[in-house]
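So the protein sequences, as listed, match chains A and B.
Residues in the first sequence are numbered consecutively from 1, following the numbering used here.
Residues in the second sequence are numbered consecutively from 1, following the numbering used here.
Worth flagging that the hints you see were computed from the coordinates, not collected in a lab.
Check before you lean on any hint, since a few could be wrong.
[Stated by the list, open to error] What follows is a set of in silico ranges between Cβ atoms, one per label pair, in the way DEER data are often shown:
(1) A:61 / B:155: 50 to 56 Å
(2) A:58 / B:242: 52 to 58 Å
(3) A:62 / B:348: 58 to 64 Å
(4) B:393 / A:64: 29 to 35 Å
(5) B:162 / A:49: 22 to 28 Å
(6) A:48 / B:7: 44 to 50 Å
(7) B:84 / A:64: 39 to 45 Å
(8) A:71 / B:155: 53 to 59 Å
(9) B:380 / A:64: 21 to 27 Å
(10) B:267 / A:64: 17 to 23 Å
Just so it is clear, CB atoms sit at the ideal spot from N, CA and C, and this is done for glycine as well.
So you can see what is in the structure, the chains are spelled out below.
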Amino acid sequence: MALSTSSNFAKPDDAFRAIVEAHRGLNDEQSADLDAALVLILANHIGDLDVLKEAIALAARRMLDASQQQEQQQQ
Amino acid sequence: MALTKTQFGYRRHPDQDRVGANTAEHAVVVVGAGPVGLSLAIDLAQRGQAVVLLDDADRIGEGSRAICFSKRSLEFWDRLGIGQRMVDKGVVWSVGKIFHGDSQLYQFNLLPEEGHKRPAFINLQQFYAEAYLVDRVEELPEIDLRWRNKVTGLEPHNDHVVLTIQTPDGPYRLAAQYVIACDGARSSLRQMVGADFAGQVFEDQFLIADVKMTAAFPTERWFWFDPPFHAGRSALLHKQPDDIWRIDLQLNRFADPAVEKLPENVRPRIARMLGHDKFDFEWISLYKFQCRRMNKFIHGRVIFAGDAAHQVSPFGARGANSGLEDAENLAWKLDRVLRGISPEALLESYHIERSAAADENIRESTRSTDFMAPNSRQEARLRKAVLSLARETEFGKRMVNAGRLSTPSIYETPLSTADSDCWRGGPRPGASMPDAPVAGRSGEPMYLTDAFIGAGTGFTLLEFSNGAAPELPEEIATIRIGGKDGLADSAGLAATRYDAEPGTAYLLRPDGYVAARFRHPTRAALDAALARAAGHN
Chain A
1 MALSTSSNFA
11 KPDDAFRAIV
21 EAHRGLNDEQ
31 SADLDAALVL
41 ILANHIGDLD
51 VLKEAIALAA
61 RRMLDASQQQ
71 EQQQQ
Chain B
1 MALTKTQFGY
11 RRHPDQDRVG
21 ANTAEHAVVV
31 VGAGPVGLSL
41 AIDLAQRGQA
51 VVLLDDADRI
61 GEGSRAICFS
71 KRSLEFWDRL
81 GIGQRMVDKG
91 VVWSVGKIFH
101 GDSQLYQFNL
111 LPEEGHKRPA
121 FINLQQFYAE
131 AYLVDRVEEL
141 PEIDLRWRNK
151 VTGLEPHNDH
161 VVLTIQTPDG
171 PYRLAAQYVI
181 ACDGARSSLR
191 QMVGADFAGQ
201 VFEDQFLIAD
211 VKMTAAFPTE
221 RWFWFDPPFH
231 AGRSALLHKQ
241 PDDIWRIDLQ
251 LNRFADPAVE
261 KLPENVRPRI
271 ARMLGHDKFD
281 FEWISLYKFQ
291 CRRMNKFIHG
301 RVIFAGDAAH
311 QVSPFGARGA
321 NSGLEDAENL
331 AWKLDRVLRG
341 ISPEALLESY
351 HIERSAAADE
361 NIRESTRSTD
371 FMAPNSRQEA
381 RLRKAVLSLA
391 RETEFGKRMV
401 NAGRLSTPSI
411 YETPLSTADS
421 DCWRGGPRPG
431 ASMPDAPVAG
441 RSGEPMYLTD
451 AFIGAGTGFT
461 LLEFSNGAAP
471 ELPEEIATIR
481 IGGKDGLADS
491 AGLAATRYDA
501 EPGTAYLLRP
511 DGYVAARFRH
521 PTRAALDAAL
531 ARAAGHN
């Protein structure tokens, strides 16, 4: 496992807050633009395709889990 | 508007008078006299093979089609004796510029170093390339080129193929040990062997026009994303000989080809792009691109090459160039098999090497096409982010994909001998030989690629002198760098590009790809590498 999922920030709340604040005042379209640029910048900084693919897989798995939960709730 | 540069006559051949069981038999029949079929026939003929070359038309023409010919293709054509003629006529270029909106994002140089005989690319109308190839064919008595000979039937056998051929004088039959199908993307031979041709069709349409005008634009490849003259889409401008300029304009998915193609509709678009309308149309065509390939390039004794075997989008100049790489890959192998000095299994390496190259070309050109014509709103958003990041970051520039231009593939192939020595650089087994400037015995400047041609058409050992020359298997020619009677590496570039020390040796295949390399080759190691590269294991 090359992707680090242990907590890397001394103050995780600060990191989360920084991202949230970057989206303050943006509409959905602008937020999506910001996220797209952010993903590309961070991906390049990581600079490791294996790590990137693991991160994509983890993110995609969360989406799958979320949609399954939604289905269960509907049932 | 369709240009017919050269018209050829149909001539009746004595083979056509043979009937029934008396069908004429030939070693090789090549179907399709485009750049790939012509080059393949010449390469085979130069190796001493008699070749029948069939084409269903009797002329070269209809637009410029392929225009960018790569360094690798020029090096191949040098071996066929027509590289210089192509370069003399062609427009040499190596710089590309990418624009976004009305300003330049960045520029790249495809051959930023000196010391290569051939440039990164030339632009040359396909009809010139074909005409020069036909001229060369006519110098070679081994090639029997038959115009207006259309293959209409194919009967496979274990050790030969019987073709039925339609001519203005009616049909005749011809038997061949091997048939090489170079009959293009709509290959009828592919249908005759019942092969699939699966892949992806792109919905976006592109308008391609060749216009004639005098202009002072530099000989560079210019690509625009979202230019002011063609909002929201992409455009490409590229120079060809004779004051002809290739223009590609992306259209929307729903554009009506019949309407878009009308000169009165194309003209205003291009006038907006050029800022004037002092130009004439040579050729207009509307395209949807497909990326696909045959599952197997070899069907019994029928072997497919070029667009017949694989098709890519044009952004990257990977169509004609990869077809020419097919030809140079196949010619020496087929020659050895026909001579009986290599087993038929050697041909399988053609499929292995060239189908992997086709996959690479399809992957690259699909990525370019997707970048130019995003498939979803999110893809468009990511592209927008890349284009905006490219203004201020290096990584953004590198992510902008306006076509990744053709470079030779590195083959993962059973013909290669894996490295057992330590290398810090140089071409690894499966890679094509890099060029370098050297000097001949009397000091005359030349290139390594010249020396490779001078060494003959077989396997060649490129060795960096270390006193006594190693004892070589009989069929290996040598190029020696340094020493008493070797070529001088005055600039040191040969040694650098091959990571060479005294004693270093590269075994080069007849197509100029590295089969094996050694710091100090032994006779046993060379014998083993040669046997492997010739298909004996």
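Evaluation of the provided hints:
1. A:61 / B:155: 50 to 56 Å: The hint (50 to 56 Å, Cβ to Cβ) holds, given that residue 61 of chain A and residue 155 of chain B are roughly 55 Å apart.
2. A:58 / B:242: 52 to 58 Å: 57 Å, holds
3. A:62 / B:348: 58 to 64 Å: 46 Å, violated
4. B:393 / A:64: 29 to 35 Å: 33 Å, holds
5. B:162 / A:49: 22 to 28 Å: Violated, at about 51 Å.
6. A:48 / B:7: 44 to 50 Å: With a Cβ separation near 59 Å, residue 48 of chain A and residue 7 of chain B fall outside 44 to 50 Å, so the hint is violated.
7. B:84 / A:64: 39 to 45 Å: 60 Å, violated
8. A:71 / B:155: 53 to 59 Å: Cβ of residue 71 of chain A to Cβ of residue 155 of chain B: about 58 Å, so the range 53 to 59 Å holds.
9. B:380 / A:64: 21 to 27 Å: Holds, since residue 380 of chain B and residue 64 of chain A (Cβ atoms, about 25 Å apart) stay within the stated range.
10. B:267 / A:64: 17 to 23 Å: With a Cβ separation near 52 Å, residue 267 of chain B and residue 64 of chain A fall outside 17 to 23 Å, so the hint is violated.
Checked against the numbered hints listed earlier, the structure breaks hints 3, 5, 6, 7, 10; every other hint is satisfied.
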